[in-house]
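Visitor: These are the residues of each chain, in order.
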Amino acid sequence: GQNIDQPTEMTATEGAIVQINCTYQTSGFNGLFWYQQHAGEAPTFLSYNVLDGLEEKGRFSSFLSRSKGYSYLLLKELQMKDSASYLCAVRAANKLSFGAGTTVTVRA
Amino acid sequence: DGGITQSPKYLFRKEGQNVTLSCEQNLNHDAMYWYRQDPGQGLRLIYYSQIVNDFQKGDIAEGYSVSREKKESFPLTVTSAQKNPTAFYLCASSPRASGSNTGELFFGEGSRLTVL
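Protein sequences, first through last, are from chains A and B. With the numbering used here, you'll find the first sequence wraps up at 116, consecutive numbering, no jumps. With the numbering used here, you'll find the second sequence wraps up at 125, consecutive numbering, no jumps.
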């Protein structure tokens, strides 16, 4: 399987920016996904990268470097509702494997 | 509305009993997946199926079984052989990744199984 690492927890202030890093080791890489998961709920899709570079979607951006096995999710203009777990997931051989998730707490 | 339906949402069972979790999708997706999530851990893949009548073991398949007799259905049975079955179980489906289609996973609302 894949080895996917991301920080366990991060805390930031409302209106600020937070960057969640994800590193991975895999063979047959075929895409990296970021999901948001609120406590007790199902994950929801945020972003997808398969080529190197930055993908921007509103307040959220995701970056990928395949040669470094590295991605980050950037959350801008943080809002209280952004408090959630953020999951990095790597697709290879038709399987999507997830990291343990990063719990982001937004404080007023 | 199109989506994925898991049932039941909450389930309590005695140790040693088999239990089957239902997952139905009307998104016409080819692939379906079962994940398990424990507190403080990410999603771990139990089984997945790319096409009807075919499925593969994921990373933690021991103690579980599945079937894929219909495209829209992918039930998961948690058998008595599963040592620690209490967990949050998530079913997902995805379209085939091609062109602008990312092949992202769409998740059901989950089933929380507690073994007493």
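Keep in mind that the hints were calculated from the coordinates and are not lab data. You may find that some hints are simply not true.
What the hints assert, rightly or not - From chain A, some residues computed to sit far from chain B (all C-beta separations above 10 Å):
#  : residue
1  : GLY23
2  : THR34
3  : GLY39
4  : TYR56
5  : VAL58
6  : SER73
7  : LYS84
8  : ARG99
9  : ASN102
10 : LYS103
11 : LEU104
12 : SER105
What the hints assert, rightly or not - Calculated cross-link-like contacts (lysine-lysine; reagent style DSBU-like; alpha-carbon spacing at most 35 Å):
#  : chain 1 : residue 1 : chain 2 : residue 2
13 : B       : LYS92     : A       : LYS65
14 : B       : LYS66     : B       : LYS23
15 : B       : LYS79     : B       : LYS66
16 : B       : LYS23     : B       : LYS80
17 : A       : LYS89     : A       : LYS76
18 : B       : LYS92     : B       : LYS23
19 : B       : LYS66     : B       : LYS18
20 : B       : LYS92     : B       : LYS66
21 : B       : LYS18     : B       : LYS79
22 : A       : LYS89     : A       : LYS65
23 : B       : LYS18     : A       : LYS89
24 : A       : LYS76     : B       : LYS18
25 : B       : LYS92     : A       : LYS84
26 : B       : LYS23     : B       : LYS79
27 : A       : LYS65     : B       : LYS23
In this text, a Cβ means the ideal position worked out from N, Cα and C, and glycines have one as well.
Visitor: Now look at each hint and say whether the structure bears it out.
Guide: Do the hints match the structure? See the list:
| no. | hint | in the structure |
| --- | --- | --- |
| 1 | GLY23 | holds (28 Å) |
| 2 | THR34 | holds (13 Å) |
| 3 | GLY39 | violated (7 Å) |
| 4 | TYR56 | violated (4 Å) |
| 5 | VAL58 | violated (8 Å) |
| 6 | SER73 | holds (19 Å) |
| 7 | LYS84 | holds (22 Å) |
| 8 | ARG99 | violated (7 Å) |
| 9 | ASN102 | violated (6 Å) |
| 10 | LYS103 | violated (6 Å) |
| 11 | LEU104 | violated (6 Å) |
| 12 | SER105 | violated (7 Å) |
| 13 | LYS92/B to LYS65/A | violated (42 Å) |
| 14 | LYS66/B to LYS23/B | holds (26 Å) |
| 15 | LYS79/B to LYS66/B | holds (18 Å) |
| 16 | LYS23/B to LYS80/B | holds (31 Å) |
| 17 | LYS89/A to LYS76/A | holds (32 Å) |
| 18 | LYS92/B to LYS23/B | holds (13 Å) |
| 19 | LYS66/B to LYS18/B | holds (24 Å) |
| 20 | LYS92/B to LYS66/B | holds (17 Å) |
| 21 | LYS18/B to LYS79/B | holds (22 Å) |
| 22 | LYS89/A to LYS65/A | holds (17 Å) |
| 23 | LYS18/B to LYS89/A | holds (24 Å) |
| 24 | LYS76/A to LYS18/B | violated (40 Å) |
| 25 | LYS92/B to LYS84/A | violated (42 Å) |
| 26 | LYS23/B to LYS79/B | holds (30 Å) |
| 27 | LYS65/A to LYS23/B | violated (46 Å) |
This entry does not satisfy hints 3, 4, 5, 8, 9, 10, 11, 12, 13, 24, 25 and 27, going by the numbered hints stated previously.
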